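Please put together the full structure from these sequences, using the hints given.
Top line first, the protein sequences correspond to chains B and P. Residue 71 in our numbering sits at position 71 of the first sequence, with consecutive numbering throughout. Residue 92 in our numbering sits at position 92 of the second sequence, with consecutive numbering throughout.
To be clear, the hints were calculated from the coordinates, so they are not data collected in a lab. Quantities reported herein were computed from a predicted structural model and do not represent experimental measurements. Every residue gets a Cβ at the ideal spot worked out from N, C-alpha and C, and that includes glycine. The reader is advised that the hints may include incorrect statements.
[To be verified] These stretches of chain P come out as covered by chain B in the derived footprint (C-beta under 8 Å, 3 or more residues):
hint, region
1, 71-78
2, 101-108
3, 121-131
[To be verified] As a list, the in silico DSS-like pairs of lysine-lysine whose alpha-carbon atoms are at most 27 Å apart:
hint, chain 1, residue 1, chain 2, residue 2
4, P, K118, B, K27
5, P, K176, P, K95
6, B, K23, P, K118
7, B, K27, B, K65
8, P, K58, P, K15
9, P, K58, B, K63
10, P, K176, B, K23
11, B, K23, P, K95
12, P, K134, B, K65
13, P, K95, P, K39
14, B, K23, B, K63
15, B, K65, B, K23
16, B, K65, P, K95
17, B, K63, B, K27
18, P, K202, P, K15
19, P, K58, P, K118
20, P, K39, P, K54
21, P, K134, P, K176
22, P, K118, P, K54
23, P, K134, P, K15
24, P, K39, P, K134
25, P, K118, P, K15
26, P, K39, P, K58
27, P, K54, P, K15
28, P, K39, B, K27
29, B, K63, P, K95
30, P, K39, P, K202
Now for the letters of each chain:
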Amino acid sequence: MVNVKKGGELDMTECMTLASHFKDLAKQGLVDVKFYVRNLDEAVSEQVCSEVNALYAARSAGKIKALNFEDSRRANT
Amino acid sequence: MTDASHGTSWVYSEKLEYAFRKVRDIQEFVRTYVISPDKIPVSIEDVQWAVEQKYGLKIRKELVDFEAQHIRGMMERYEDGTANVFVREYQDANKDINLYWHRFITLKEIVHLGIDEKEDWNPDGCFTLDELIKENGYSGINKVMSETQSEHLAEIAAIELLYPFEFRASDIASGKSVMQLSHEYQVPPYVIARALSPNHMKMARAVWNEIRGHGLGGLGSSPTG
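Given below as structure tokens:
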């Protein structure tokens, strides 16, 4: 779905924004993307796309932490 | 082997068997290098290391602080062998369960890197999301799209890695609650309930017997449960 603003200018939908982001990443070598999703019964594409956009926006805003479970039992770690 | 059922979708048996073989290979690899490999909870860092070593990958993991109802995590794979796993920081109000979800989601995404074939890859994440939403609404017997199948297989494989089959029969006999087992294996209660469900047990027993898997305990342990 594309929203048309007054004057004919097009609004990017959440999924269009996300598709554009994945195209950019593909140019940087992205070959696959997978998701862990739950509770999709009532989900619509726009909402789910907006959540992935929110994930990328949070990353851009630095809202990230390195994830290390510190649970290795290898002898030489 | 005939097709094995999983939820409302069907996963082709060849792919299912292949995923279990990969789980067995990863368990074998970890066991070679790890002290007390049959100890639980299973180490996420060791499984990550095994996948990196076996498949020539470099995986980076991040917790990301964002709000969502549906997206719990995701994975990006790049042609140079690097991969990113992003996990939503908030999963559950309970601090322990929150950590268990981090463990499970991370492992499920790492498993994709080990079990997915090139034919399962797709950089068009919007298409994948669309398929997941569409397939979620189906009921009955459907041949699922590759993208959806891949998600089912990765989740099954992650369950088998984090809650090894060899422990389940004695756990059932022990009468421990789902919550007790959740803390023991450090996985969400959802994973315990699903692993111990009759359908999953039947399917896992059949496949492990077919491929002679032997879990964390090595050749001496029984895969039959």
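Status of each hint after checking the structure:
Check on the region 71-78 of chain P: 8 of its residues sit with their Cβ under 8 Å from a Cβ of chain B, so the three-residue criterion for coverage holds. Note: the region 101-108 of chain P has 5 residues with beta-carbon separation from chain B under 8 Å; the three-residue rule is met and the coverage holds. With 9 residues having a beta carbon nearer than 8 Å to a beta carbon of chain B, the region 121-131 of chain P meets the requirement of three or more and the stated coverage holds. Of the supplied pair hints, the one linking K118 of chain P and K27 of chain B holds, its CA atoms being roughly 18 Å apart against a limit of 27 Å.
The suggested pairing of K176 of chain P with K95 of chain P holds, with an alpha-carbon distance near 21 Å, which does not exceed 27 Å. For a cut-off of 27 Å, the pair hint linking K23 of chain B to K118 of chain P stands: about 18 Å separates their Cα positions. At most 27 Å may separate the alpha-carbon atoms for a hinted pair to count; K27 of chain B and K65 of chain B meet this at roughly 26 Å. For the hint linking K58 of chain P to K15 of chain P, the alpha-carbon distance of about 25 Å falls within 27 Å, and the restraint holds.
With a C-alpha separation of about 22 Å, the suggested pair K58 of chain P and K63 of chain B falls inside the 27 Å cut-off, and the hint holds. For the proposed pair K176 of chain P and K23 of chain B, the alpha carbon gap of about 49 Å is over 27 Å, so the pair is violated. A C-alpha spacing of about 37 Å is found between K23 of chain B and K95 of chain P, which places the hinted pair above 27 Å, so the restraint is violated. Proximity of K134 of chain P to K65 of chain B is assessed by CA-CA distance (about 33 Å); at most 27 Å being required, the pair is judged violated.
The hinted pair formed by K95 of chain P and K39 of chain P meets the criterion: a straight-line CA distance of about 23 Å does not exceed 27 Å. For the hint pairing K23 of chain B with K63 of chain B, the CA-to-CA distance comes to about 23 Å; that is within 27 Å, so the pair holds. With a C-alpha separation of about 26 Å, the suggested pairing of K65 of chain B with K23 of chain B holds against the 27 Å cut-off. Under the criterion of a C-alpha separation no larger than 27 Å, the hint pairing K65 of chain B with K95 of chain P is consistent with the structure, at around 16 Å.
This hinted pair checks out: K63 of chain B and K27 of chain B have alpha carbons roughly 25 Å apart, not beyond 27 Å. The suggested pairing of K202 of chain P with K15 of chain P holds, with an alpha-carbon distance near 17 Å, which does not exceed 27 Å. With a C-alpha separation of about 17 Å, the suggested pair K58 of chain P and K118 of chain P falls inside the 27 Å cut-off, and the hint holds. Straight-line distance between C-alpha atoms of K39 of chain P and K54 of chain P comes to about 22 Å, which keeps the hinted pair within the 27 Å bound.
Pair hint K134 of chain P plus K176 of chain P does not hold up; C-alpha atoms about 37 Å apart against a cutoff of 27 Å. Restraint check: the Cα-Cα separation between K118 of chain P and K54 of chain P comes to about 16 Å, which is no more than 27 Å; the hinted pair holds. Using a Cα cut-off of 27 Å, the hinted pair K134 of chain P and K15 of chain P holds, with the two alpha carbons roughly 21 Å apart. This hinted pair does not check out: K39 of chain P and K134 of chain P have alpha carbons roughly 40 Å apart, beyond 27 Å.
A threshold of 27 Å between alpha carbons decides the hint, and for K118 of chain P with K15 of chain P the separation of about 13 Å falls inside it, so the pair holds. Of the supplied pair hints, the one linking K39 of chain P and K58 of chain P holds, its CA atoms being roughly 26 Å apart against a limit of 27 Å. For a cut-off of 27 Å, the pair hint linking K54 of chain P to K15 of chain P stands: about 19 Å separates their Cα positions. Between the alpha carbons of K39 of chain P and K27 of chain B the distance comes to roughly 43 Å, so the proposed pair goes past 27 Å and is violated.
Pair hint K63 of chain B plus K95 of chain P holds up; C-alpha atoms about 19 Å apart against a cutoff of 27 Å. Straight-line distance between C-alpha atoms of K39 of chain P and K202 of chain P comes to about 25 Å, which keeps the hinted pair within the 27 Å bound.
Comparing the model with each earlier hint shows violations of hints 10, 11, 12, 21, 24 and 28; every other hint is respected.
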